[in-house]
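Add chain B to chain A, keeping to what the hints say.
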Amino acid sequence: MKGFYSRKLHSLLGVIPLGFFILEHMLTNFSAVEGGPQGFKDSVAFLNGLPLVIVLETFGIWLPLLYHGVYGMYIAFQAKPNNKRFPNERNLRYLLQRVTGVIVFVFVIWHLYETRVQVALGNVTHEELGGVMHHILTTPVFFVLYLIGVIASAFHFANGLWSFMVSWGITVGPRAQRVSSYICMGLFVITAVLFTWSMFAFRGSEFQAEGTALLETFRILIG
Amino acid sequence: MATAEPKLTAKRVKFIITRQDDPNSASYTEEFELDYRPGMNVISALMEIQRNPVNVKGESTAPVCWESNCLEEVCGACSMVINGKPRQACAALVDNLEQPIRVEPMRTFPVVRDLVIDRSRMFNALKRVKAWIPIDGTYDLGPGPRMAEKKRQWAYELSKCMTCGVCLEACPNVNEKTDFIGPAAISQVRLFNAHPTGEMNAEERLEALMEDGGIEGCGNSQNCVRACPKGIPLTTSIAEMNKATTKHMFKRWLGV
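If you read the protein sequences in the order shown, they are chains A and B. The UniProt record's numbering puts the first sequence at residues 1 to 223. The UniProt record's numbering puts the second sequence at residues 1 to 256.
Here chain A stands alone, though its shape is the one from the complex (with noise of 0.2 Å):
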């Protein structure tokens, strides 16, 4: 495929479907803060009851994500960074965006072999994923490493959101890529606490009970 068309496929990727879906991780994440343990296993079940939902994951998250992180990686190590000679805010936000994409890239793989594989292999059920988030986040050196790879996916989806503007011609002057700056750090900024607060509520011990007998074949399976 010519080289116009692959980057454009991934930035829309970028935006339809993965940016619904992280909003949509988000929201659901946030169930936990909002309604415990059972608000968290209610959004997992409305999400799981939808129809088609396996049709709805491969081709609205799956394969997205496989192209978009692929391509992404190539476009990562195209680039030379010039930070020091040039350190403007938005060769900043350039850098920032290949080093959160490959932050992201690795954070995905690893996020993704925990839950949804550990629940395809039937470790799990996904009614138990709250408690083995619970698991992974009372783990210090785990909590950072999510921390890290929360705030990354957070800037990588809003930065990624202003750039797409810019490539399909939506925000074409100075004054309306500035705005436009303006709301996406800040929806970075909402995108990241918001995930960070569900992460301190699945600290929380009402979600230590879910699932603990088989919590504990996953526990050797993580280590």
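To be clear, the hints were calculated from the coordinates, so they are not data collected in a lab.
Result set (DSS-like, lysine-lysine): computed pairs, CA atoms no more than 30 Å apart in a straight line:
{"#": "1", "chain 1": "B", "residue 1": "Lys243", "chain 2": "A", "residue 2": "Lys8"}
{"#": "2", "chain 1": "B", "residue 1": "Lys243", "chain 2": "B", "residue 2": "Lys151"}
{"#": "3", "chain 1": "A", "residue 1": "Lys84", "chain 2": "B", "residue 2": "Lys177"}
{"#": "4", "chain 1": "A", "residue 1": "Lys2", "chain 2": "B", "residue 2": "Lys127"}
{"#": "5", "chain 1": "B", "residue 1": "Lys247", "chain 2": "A", "residue 2": "Lys8"}
{"#": "6", "chain 1": "B", "residue 1": "Lys127", "chain 2": "B", "residue 2": "Lys160"}
{"#": "7", "chain 1": "B", "residue 1": "Lys85", "chain 2": "B", "residue 2": "Lys177"}
{"#": "8", "chain 1": "A", "residue 1": "Lys80", "chain 2": "B", "residue 2": "Lys160"}
{"#": "9", "chain 1": "A", "residue 1": "Lys2", "chain 2": "B", "residue 2": "Lys247"}
{"#": "10", "chain 1": "B", "residue 1": "Lys85", "chain 2": "B", "residue 2": "Lys57"}
{"#": "11", "chain 1": "A", "residue 1": "Lys84", "chain 2": "B", "residue 2": "Lys230"}
{"#": "12", "chain 1": "A", "residue 1": "Lys2", "chain 2": "B", "residue 2": "Lys177"}
{"#": "13", "chain 1": "A", "residue 1": "Lys8", "chain 2": "B", "residue 2": "Lys251"}
{"#": "14", "chain 1": "B", "residue 1": "Lys230", "chain 2": "A", "residue 2": "Lys80"}
{"#": "15", "chain 1": "B", "residue 1": "Lys127", "chain 2": "B", "residue 2": "Lys150"}
{"#": "16", "chain 1": "A", "residue 1": "Lys80", "chain 2": "B", "residue 2": "Lys127"}
{"#": "17", "chain 1": "B", "residue 1": "Lys14", "chain 2": "B", "residue 2": "Lys85"}
{"#": "18", "chain 1": "B", "residue 1": "Lys230", "chain 2": "B", "residue 2": "Lys177"}
{"#": "19", "chain 1": "B", "residue 1": "Lys57", "chain 2": "B", "residue 2": "Lys11"}
{"#": "20", "chain 1": "B", "residue 1": "Lys243", "chain 2": "B", "residue 2": "Lys230"}
{"#": "21", "chain 1": "A", "residue 1": "Lys84", "chain 2": "B", "residue 2": "Lys160"}
{"#": "22", "chain 1": "B", "residue 1": "Lys150", "chain 2": "B", "residue 2": "Lys243"}
{"#": "23", "chain 1": "B", "residue 1": "Lys243", "chain 2": "A", "residue 2": "Lys2"}
{"#": "24", "chain 1": "A", "residue 1": "Lys84", "chain 2": "B", "residue 2": "Lys14"}
{"#": "25", "chain 1": "A", "residue 1": "Lys8", "chain 2": "B", "residue 2": "Lys127"}
{"#": "26", "chain 1": "B", "residue 1": "Lys127", "chain 2": "B", "residue 2": "Lys243"}
{"#": "27", "chain 1": "B", "residue 1": "Lys85", "chain 2": "A", "residue 2": "Lys80"}
{"#": "28", "chain 1": "B", "residue 1": "Lys243", "chain 2": "B", "residue 2": "Lys160"}
{"#": "29", "chain 1": "B", "residue 1": "Lys177", "chain 2": "A", "residue 2": "Lys80"}
{"#": "30", "chain 1": "A", "residue 1": "Lys2", "chain 2": "B", "residue 2": "Lys251"}
{"#": "31", "chain 1": "B", "residue 1": "Lys85", "chain 2": "A", "residue 2": "Lys84"}
{"#": "32", "chain 1": "B", "residue 1": "Lys127", "chain 2": "B", "residue 2": "Lys177"}
{"#": "33", "chain 1": "A", "residue 1": "Lys80", "chain 2": "B", "residue 2": "Lys130"}
{"#": "34", "chain 1": "A", "residue 1": "Lys80", "chain 2": "B", "residue 2": "Lys243"}
{"#": "35", "chain 1": "B", "residue 1": "Lys150", "chain 2": "B", "residue 2": "Lys230"}
{"#": "36", "chain 1": "B", "residue 1": "Lys130", "chain 2": "A", "residue 2": "Lys8"}
{"#": "37", "chain 1": "A", "residue 1": "Lys2", "chain 2": "B", "residue 2": "Lys130"}
{"#": "38", "chain 1": "B", "residue 1": "Lys177", "chain 2": "A", "residue 2": "Lys8"}
Just chain B now, with coordinates in the frame of chain A:
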């Protein structure tokens, strides 16, 4: 003794110049110290070195090679990296520069010798995007359509581009790992597509930008617009061409 005295107290200017003997040899730095003269710029300093090619150690050396033409920042030939920033040497006044003054070639381009670089890729890019207006015919085509004054004003700003290469040097996506055409040629597409006669070939230019190494290579670092010595709104041009190529893409898919 009496004649040597003022020379010792006179203000001196120190240059650290990155040199390279031929396109394939390794680069090295050589230091020069010159007497200060009011109003001197990097070009006049290089001329001084050419007249008396003696380095700071007192060794006689080959004179430093560079390119320059207009000496008034309109031709773009003397672009080089001065104290870390790509710019025109003729407009780089010594009074405004921190010392020692470091002068390097713009290494994004192939170095021919010392500060001389080969900007052919920029001129090839202009050919690729057809940055001209075809008006030749076998008969008199008559006068073309008029251009609105308002449009002429912003288009004039784009026409100030002197193909100097500073925007390519500043761009983190123009490097040996990519074939990105660079900001200058993209802005020229906007200029020629804005012209009432040039507009008649607008689609050809847009399609050239949609080829490999075209507009998709932009990574939005926006260094180009900050580095441009002519203050050309390069990022606005890029976003405008993003819009035009996106529209053209859909038109091509849905129009046939």
